[in-house]
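Going down the list, the sequences are from chains V and E.
Taking my numbering, I'd label the letters of the first sequence as residues 1 to 130.
Taking my numbering, I'd label the letters of the second sequence as residues 10001 to 11194.
Some hints could be false.
[To be verified] Not close to chain E: a few residues of chain V, all C-beta gaps over 10 Å, as computed: (1) 11; (2) 31; (3) 47; (4) 75; (5) 95.
[What the hints assert, rightly or not] Reference listing, derived: stretches of chain V covered by chain E, where coverage requires no fewer than 3 residues with Cβ under 8 Å from a Cβ of chain E: (6) 12-25; (7) 112-121.
[Said to hold, decoys possible] Computed cross-link-like contacts, DSS-like style, restricted to lysine-lysine with a CA-CA straight-line distance of at most 25 Å: (8) 11047(E) - 119(V); (9) 10106(E) - 10170(E); (10) 10548(E) - 10661(E); (11) 111(V) - 11053(E); (12) 119(V) - 10034(E); (13) 119(V) - 11053(E); (14) 10131(E) - 10098(E); (15) 11047(E) - 111(V); (16) 10996(E) - 119(V); (17) 10613(E) - 29(V); (18) 10591(E) - 10548(E); (19) 11053(E) - 120(V); (20) 10930(E) - 63(V); (21) 11097(E) - 120(V); (22) 10965(E) - 63(V); (23) 120(V) - 10432(E); (24) 119(V) - 10734(E); (25) 120(V) - 10131(E); (26) 10613(E) - 10655(E).
Honestly, the hints are just simulated from the structure, not real lab data.
These numbers come from a predicted model, not from an experiment.
Cβ atoms here follow ideal geometry from the backbone N, Cα and C, with glycine treated the same way.
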Amino acid sequence: MKKHVLLIDDNDIDNYVTNHIISRSQIAKKITIKNSAIAALEYLETIKENGEEFPEMIFLDIKMPMMDGFDFLDELIKFPNVIDNQCSVVMLTSSGDQNDIDRASRYAVVKRFLIKPLKKEILVNLLTLS
Amino acid sequence: MMNEIKTHIKLYFLVFVMSSFIIGIGFFGIWEIKKTNQTIQTLYADRLLPMDQLADVRFYYAVGILSTAQQVNEQQLSFSEARKKIQQAQDSINTNWKTYKLTSLKQEEKQLVKQTAMLMSRSDKIVEKLKLILKEEDPHALDNIVNNELFPAVNPVLLKITDLLNLQVKVGKNTSIDNLELYGVSSKLLSLLIIIALVFGIPFSYYLVKKIKSIVSSFNVSTEKLATVELNYSYLIKHAGEAILILNDNTLIIDSNDRACQLLGYSHEELLQMKIIDLIPPSELEKQIEDIESVRKNKGLLIYRKLKRKDGTELDAEINNRLMEGKGFFAILRDITERKKAELALKESEKKYRYLFDNNPAYIIIWDLENLDVLEVNNAVFEKYGYGKEEWMNMSVTQIRPEEDHQKIKDFAKLMLDSDEPIQKRTWRHIKKNGQEMLMDISSHRIDYNNRQAILSLGRDVTEQVKVERELAEREAQLNLFIEHSPASLAMFDNEMRYIATSRRWMSDYNLGEQNIIGKNHYEVFSDISQDWKAIHKRCLEGAVEKKDEDLFVRSDGSIQWLKWEIHPWHKGTGEIGGIIMFTEIITERKLATERFKVQFENAPDIILYVNKELKIETINRNSPTMTKEELVGMDCILILPEESRQIAREAINKCFETGKPQEIESALSHNRWVRSRFVAIANNGEVDHVIVFSTDMTEQKKAEQKVLQSEERHRALTDNISDAILLVNENLKVEYQSLSAERITGYSAKEAKFKTILDFLHPDDLEKSKVFFNELYVSPGVPKQNQFRIINKKGHIVWIEGTIQNLLHKEGIHAFIINCRDVSNRKKLEEEQALTASIVKSSEDAIISKTIDGHITSWNKGAEKILGYSPFEVIGKHISILVPLNLRGEEKRILEEVRKGHSVDHYETQRLRKDGEIIYVSLTISPIKDVLGNVVGASKIMRDITENKKVEAELIRFNADLKKTNAELDRFVYSVSHDLRAPLKSMLGLICITKDGIDTENVELYERLTMLDDSVIKLDNFIENILNYSKNSRMELDREEINFEKLIREIKESHEFMDITKELNFQVEINSKGKFVSDNNRLNVVLNNLVSNAIKYRDTSKETSFVNISISYNNTNATIIIEDNGIGIANKYKQKVFDMFYRGTSLSSGSGLGLYIVKETIEKLGGKINVESELNKGTKFIIEIANQVNILN
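Looking at chain E on its own, in the form it has when it is part of the complex (with noise of 0.2 Å):
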């Protein structure tokens, strides 16, 4: 609609636009047009009048006078007719002239006119006197004028007149240009606006049309859509599945469809003449009448009403009435007869499922699934609840729940929202309204409640079946947990022969281990059970008991079980029979050691009698040489022996009985042998009621009697020494019987024991551990148990006991506890130790490994862990050879080697492989393990890792090697150097010398020259010797050898022999010698020299004699050397200070003064000292001790 408003104004826009336009064109041009107009008008009035006047005149001047008096002239013409013509153009050229005159003149028009006028009156004078000359018709005078007059008098008239008419021309030819001028810029002009409109017209007009046309088209296409509509509405109407009529304002039916006509029974054309209400059967008029009013107010309304046909029935119809502003109404007829049935007939039901749901005794609660709400409620649940209704509308079901479980209910919707298992059973915490808990077993049913999806909860309250049924279960499990841990082999079936319950002595009697049988069938598990037993089972399931002490089972391996077993049924609560009880005992043990005993008893060499307290055999071993066991059997065992062994027997036994204590007896038996009978009382429940007799043979032995008994103190020894002890001790602890060895361990002797129990001799530490494990030994009769107990021997100390204790309470005839123990002291002391050493080994940074004598990893510690990278895990039982490096695999060998014969190998420094293929250095100590008996039967290593240890060993070395190397380049430099220094000065001398042979001795100064040259280069000579010398020293190791001090004395006076003034001196050498002198031979060349040169040099001229005396004595530890001469001396104050670098002590000196002081950096090198006496002038003499390095060369 915009769009229009927009379009009506635009299009008005644009024609006011374009009418203005053309308006203002047209105006434009008519104004231009009237300007044309103007200008022509003017032109003529201007131009062409004056023209035609200005003509006229000329005319008449020309025709009307001067051809009039040329006419006359010739008398062509009559005077008067001439003076008529002459007045005639007199007169017109007069009035032309003024009309002219009268017009509007331009400047040089005017100009013109003047001159003109001038001449014209000129001309008028003369045409006067033409005129009076034809008045007076002087046809000479008039010859004259026409002549001689006229004509220069009119034509400069004529020619003004002339100029006038040209310019008249001019001007109008000017005006015509300015015209055409103008009418170029207006057309120009014009053209342009007419452009411009059509610019601006075009498109736009352009897009007018085209959106008018667009708005005529749709309104042409709205146009027929409306038809179209119209056709397929009344086709709808038509075919419409529902009965449709149309009523006009006044409820008459204007339309009515086939489905209508169908459903009242009517024709369309009936219909068509039939009111709404001609429809509506009496009863139900009033409230039509009613509705129509509220359609028409409310513009629509679903009316539910009864309709009549034309046959007179009735039909609840659904009428759907709208109003058609203006034109009446709309109505659609749908018969609700069936509807309406339905209706109420669910309205019943509703009512049944109302009552149901309200008086269900279940508990019912519906809930939204999507924001738990409750919805609706049955009575039982207001009931119990306590929540009253207005409470229950406005409840959530997490309200009625614990807190805990507030979140799993939210799960729980969830999972009913996205399930798609309408039902769910579960149990739910409920809470009343006064807080008590209930346990609900709710089964929870997803539903469309008012098109929400919601749940439909049926509850039942089964908090007291809950508790109950745990009660159940606990005494169930406490059921279960008693026949578990019955001592006895246990097992409780159903009728079906499945596993309830076992004993875990059942699962380990029967190795059946950790599985867990219970729920499988009895045959499952044990497959080879045979037809016999099973029909046990089935008698028993039908109520037999039976039992039976000894049954003797093959198993299908072959192996042989004796069982002592007993199998009841067992009742449920309602009194049938649940299943069976079956109880085993697997005695095959005791069995076999009941047969044992038995072939035993019976192929003893003793004879063996079970009596009783009416001194009645009751059992005996051996068939005696007259009657058979079978016959002793009940005899007085007494009466069996010769008359002369009677009474010794009966007194023995009789005591027996009494005291309980064992007896012994010699006693002869018949047929001349003799019997040693030892009677051993065997009590229950403290009473002695039998004894056991053992009677040996000692026939032969008696007449050896001194050999057994020796070798029966022997072998009492032994037997006393031998390790076990066997203790009896009642169901009180206390002691009853102890062997000799018992005496040992506790330093109790059995009288001592007797009154003690055996907690007594307990270290109070373990009290606590063996009274559980008597109790242990309580509840398990017959079953040997082992353990370690601690001690305290009488004297004090703690004595480790290992002990195995059986208990015999419950035994015929023992009714104690038997404990054969052992003193394990040394072994415990020796685990102590193992464990210390393990811990240590554990500990130990360093690699300790122990392995078999072949070589096989037997233990692995930490430290080897460390080092080696291998766990314990992936090397125990590998060989050893894994750690050594193929090129040292030979290595490995020659050290097993080694340790068989028992060496071990020390500190060997060699390479090992580690996990991960690095080689590292290591330093290996391997030891050989021992057994008891001294053969080794393994190896013990210990490996530090010295890879560190090596790597700065290396460096050492390398730096040690770089050093000399060094040392060893400067040696050689110096060396070089001083070898090129001396050479030439060698030569020199050599030169000086034959130089000075070959002079004549008379040349004094020469011979002085070549001397004084001579020392200069000795002088130079002797100080690169002594650089060289410090050099050496302060540099080079000590060398060690053994000195021989006569050689080196010898060498060096050689080497002093070139000094001419030896001859001179006294050389006196004195060597004290004790073993050997070891040291270093070249400083000590190096000492001598110097020394025995300064004592050469410094020799006293003035003496007679000069001596140099050089003493050594050595011993083991050093040597002492004494150069003494009677040279000059030193002064005191100089004394010291001679061993200074370069001090020359005397001006005497030719030397560097070096000497001395490499004689003492030597000495002290070489590790001693050196101290000078002098005096002055009387001599020096310098004491040297240097340590003898014997020693340390060994």
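This is chain V alone, in the form it adopts within the complex (with noise of 0.2 Å):
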């Protein structure tokens, strides 16, 4: 069991999707939604203290305005909390690009690259994961 997970997606169609199999699965307390990378990055700023409150594992789509994925992640990674693994990210994206897969492969904090749809038969694997 999660304490929290943190759903990064701009489509909101994908984040009630994925919100449901979540919450349906129970696999986390609390879900938090952000419809931006850079709406997530303030939020994580806000919480990065509370070592309870950070999320232990982030659901991050690729395609996104602005701020993507990737450069997410950029970001990602000087957080302290990341840098203590307690934080995990799974790419969860509509196109299995192989050099998206790659790309994502070198972020040590990414642990899985899932294809949309979430299915929870998926997500119970995903628990194993640190």
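Fit chain to chain and form the complex, with the hints in mind.
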């Protein structure tokens, strides 16, 4: 059971679906949804002092306006919580482009690369991620 | 005169016209006046007279009758008087009336007259009555008639007559009016005519007047002139310088001038009384008369006459006698006595001249400068040339010359015409009539000949002379040639010590080079000639012969020269001394050599004896322990040896003399010394007359003979193997001696060689060359010459020989050619290779440049010139960096560094600078040039201009970049499009999924519909993915990376996890690996993914267990992947079609039909192939082979 899961996706429908699946699966106590990477970062800034509050898992879409998933990752890995391995990122994207997969795999914080839509069966596996 | 005539006519014309005009006008006027006159006449006659008549009638009626009647009535008159008056009156009335009626009456008048007549007749009746009354003297009837009848009867008549009078006045008035009109018209016409006349007349007359005026004035002028002329004329005559006489028709002198008086001695008055005849001496009288007649006939004549002066003396006169028509003669007298004398003298001289001209031994021709015609020739010419007098007169100077000279003589004529110099001397060729050619030395003088420019040419036949001169010159040239080519140093001087001729040797010996010193003074050419020499020269110029075999000279620069010289005087044809001939031979070298030899001789470690046939020592280089050199000379060489050695020595030396072969003995010398003596025969003219004895002290050696022998062996081996061979050949080129090395070179041993001439060794192609060479040697004894020849070794191969040969045939004791030669075949081969290389270099299109180790250019081929623009001249010696652009200078340093280390630089691409500043791309290959020891002494650079290549390359790169860019754009496009297409689909799937989750399972319908929705979305998504894959596959390049098949399969498995049915499927993977497999991971992913997908999709649900087996095995060359399932299989007829685009092989397919198509395309891109084996309802097996790109990776 994760305490806090953060969803970052500019597509409201996708957020809705993912949210539904996650809450149905009951793997998290708290689910936060952000529509943009920038908003997410701002949010994380506010809670970065609080280790409890900081999300343990982030579902990250790649294709987002202004700041995309990778840019977000670049910023994310500066957070001390991330450096301390308190956080895992799962890429959740609509296209399995090999370049994106490769690129994502270069970030240690990215544990999985999933294609939408999220399936509840897979969620179970994710729990095993640190 | 024409003008005058014209004027005449004009004048006449004018006068005529004017007169006519005036006359015309006059007539016209008269006529008009006549008319007027007529009118007036008419007026008078027809008007005035009738008026008078009518007036009379009226009067008489009024007065004559009426008044009278009245009067009578008043008894103023008597009846008889009254009757008389009335009768008078009646008579008058009748007369006048009759007269009046006779005048011409106008119409109106006539009418009135008629009326009047009627009234008159009535009144007449009354008057008659009256008359009767009167007669009756009835006062009562009278009173009655007068008061009652007379007046009413007469009054109308009076009135009518008044009317007639008025009418007359009227008519008259009309007539006058008419006349006035006419007058007006006439006067106008007249005026017009007058005006016309004036208009024409005035200018014309003005003009004429002018003309006449001018004529008149000119006439006046002429008259004046005439007067002036006459004045001048008389003045002229009076003061003329010539004597002038004017004669009248009878030859009487009518005028003379002062000069005439002077000339003839008579006074003016005396002359005036004389006739011309009086001046002529009797002897000339007849002729004079004749001449006068001539003058008359010919209007003038120049007469030459003697004249008699007053004092009786005679003078010769030239009389210019002119006839003055009708007036007489005009004679100008000139005293020509002096002139006559001069003429005579001239004639005399002319005669002399003629004589001179004709009889001159020189050939004189006078010819016209302008037309080149011959004008005169003298007798000598006649005789010489063969043409006759007639022919000469019609000849042109060109005819006596050959064709080629025609233009020359024309040019010459022009020159003479224009030039200031009157005399020219030239040599010309003339041809006689018989065609024989002569050479004439002609001096041409420009003269005036009868007022034409002409040439007087004096010719001398120098044909013979020239021939002789020519021969002399030839001979002289030959002599000079002889001197010039003499091998000896010869110089010929004249009496002033000026050079006449020198031999080449002289020029080279004294380092005079190519100067021309002929004509220069000897002391000028050599500034440092001593007084002694000058004295010697002087003596020889006086006839002495001097010579010296060895003379030491110290030159001005301190150097020493040894000369052998000889000076002889030479004599001219006349016998006197013309100068001296010097022969010198610089023997410095020889002398020095001799000196050196002497030094060597004396300092040689060996004892060297020069022994003659009598075994007497002629020269020895050393003192013996007991005797000096000088004492030894003359002694018997054997006798100086100790007893024990004498025999052997004598034998050896005699043998040497006999055989000419060198001998060698070891013998003892005094004082326990051992010597090895070598005897070498020196032959002169084939006979041995001397022997040189070399004695080496081998006392020490004797002790260490073994060692010496060994070392000698080594030494000999060394000497023998020294490349140089020495041969002695005699004058017939027969080998007399050859050193051992010679055998190595020629292959022939000394024995074999002895029977051969040197020519036998030679390569046939070099025979000519060598013969020439030996001839040269023959002519230059003692001079070593070098040359190269090919010889044929005994074994048959060709050997290149370089030899120095010296002709010492003349040398006492040698009498042979000494040949010193070495094998230069290798060198020659090297040279050939070099030549080949050079020609390759030369013709190469690439620049081939060689430079020294520090970068200075030493060679520059044609290719370099073409590529870089510099000519060899501009660039050799300069540093290589002039070719290097500034920004690359460091590069050159690095290159040189590499080369210095001995490394080559291959195909190094860089830029270089052309002469014109253009920068070109080049590919350099630089190799070090090493010397024989292996030290790097320079670098050789081959430079290829790759500017074009580079350009093409750059273009290609650009194209490539463009393509890549396009591709990348396309990629991005495709990616964007597909992503944007797929994202909503993913959202849809998600929504469907959760919706499905959330609904009641009882709501089967809804569930089914959602499932179908799901399927549709998935299908669409797959289709887009396929298109994306297809696009990527067809355009993208192959990646190359090491494939981890396990990972690959695992990922594929994972990606299919979402397919719920995977749990029911048995997934087997088998991997056999050998080494590394390199290929495109993404593409493999696509392939395997598709095939696994298919396997899953088309599993046979009717079977209990479905399996998918993947087996992969790979090695260095390729990999084989087999994917096998037990699915529904493919019917045979569809097997090949499954790979077609959009083909779906089963109705169960939910896909687009692209999957296998993409698989096939991808595999083909990977350079592999795919096969399918299948049986319907049994299963399907896909077999894939892909090449291993591992080698290419490396």
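Hints, one by one, checked against the model:
Interface exclusion of residue 11(V) from chain E breaks down, the closest Cβ pair being 6 Å apart, not more than 10 Å. No beta-carbon of chain E comes within 10 Å of the beta-carbon of residue 31(V); the shortest separation is about 14 Å. The Cβ of residue 47(V) sits about 28 Å from the closest Cβ of chain E, beyond the 10 Å cut-off, so the non-interface label holds. At roughly 23 Å, the least C-beta separation between residue 75(V) and chain E is larger than 10 Å, which holds for a residue marked as non-interface.
Against chain E, the non-interface label of residue 95(V) is violated: not every CB pair exceeds 10 Å, the least being about 5 Å. Only when three residues or more bring their CB closer than 8 Å to a CB of chain E does the claim for the segment 12-25 of chain V stand; here the count is 8, and the claim holds. Under the rule that three or more residues need a Cβ within less than 8 Å of chain E, the assignment of the segment 112-121 of chain V holds, with 7 such residues. Distance restraint check for residue 11047(E) and residue 119(V): the Cα-Cα separation of roughly 22 Å lies within the 25 Å cut-off, and the hinted pair is therefore satisfied.
Taken as a hint, the residue 10106(E) and residue 10170(E) pair is honoured in the structure, with Cα atoms around 12 Å apart against an allowance of 25 Å. Pair hint residue 10548(E) plus residue 10661(E) does not hold up; C-alpha atoms about 37 Å apart against a cutoff of 25 Å. Only pairs whose Cα atoms come within 25 Å are accepted, and residue 111(V) paired with residue 11053(E) is accepted, the gap being roughly 18 Å. Distance hint between residue 119(V) and residue 10034(E) is unfulfilled; the C-alpha atoms sit about 165 Å from each other, more than 25 Å.
In summary, the hint linking residue 119(V) to residue 11053(E) is supported, as the alpha carbons are separated by about 16 Å, within the 25 Å threshold. For the hint linking residue 10131(E) to residue 10098(E), the alpha-carbon distance of about 21 Å falls within 25 Å, and the restraint holds. The straight-line distance between the Cα atoms of residue 11047(E) and residue 111(V) is roughly 16 Å, inside the 25 Å bound, and the hint therefore holds. For a cut-off of 25 Å, the pair hint linking residue 10996(E) to residue 119(V) stands: about 12 Å separates their Cα positions.
Restraint check for residue 10613(E) and residue 29(V): the C-alpha separation of about 142 Å exceeds 25 Å, so the hint is violated. Under the criterion of a C-alpha separation no larger than 25 Å, the hint pairing residue 10591(E) with residue 10548(E) is consistent with the structure, at around 14 Å. Note on residue 11053(E) and residue 120(V): the hinted pairing holds, with a Cα-Cα distance of about 18 Å set against a maximum of 25 Å. Under the criterion of a C-alpha separation no larger than 25 Å, the hint pairing residue 10930(E) with residue 63(V) is inconsistent with the structure, at around 67 Å.
At roughly 22 Å between alpha-carbon atoms, residue 11097(E) and residue 120(V) fall within 25 Å of each other, so this suggested pair holds. Taken as a hint, the residue 10965(E) and residue 63(V) pair is honoured in the structure, with Cα atoms around 22 Å apart against an allowance of 25 Å. With a C-alpha separation of about 144 Å, the suggested pair residue 120(V) and residue 10432(E) falls outside the 25 Å cut-off, and the hint is violated. A threshold of 25 Å between alpha carbons decides the hint, and for residue 119(V) with residue 10734(E) the separation of about 117 Å lies outside it, so the pair is violated.
Between the alpha carbons of residue 120(V) and residue 10131(E) the distance comes to roughly 200 Å, so the proposed pair goes past 25 Å and is violated. In summary, the hint linking residue 10613(E) to residue 10655(E) is supported, as the alpha carbons are separated by about 12 Å, within the 25 Å threshold.
Violated hints, listed in ascending order, are 1, 5, 10, 12, 17, 20, 23, 24, 25; each of the other numbered hints is respected by the structure.
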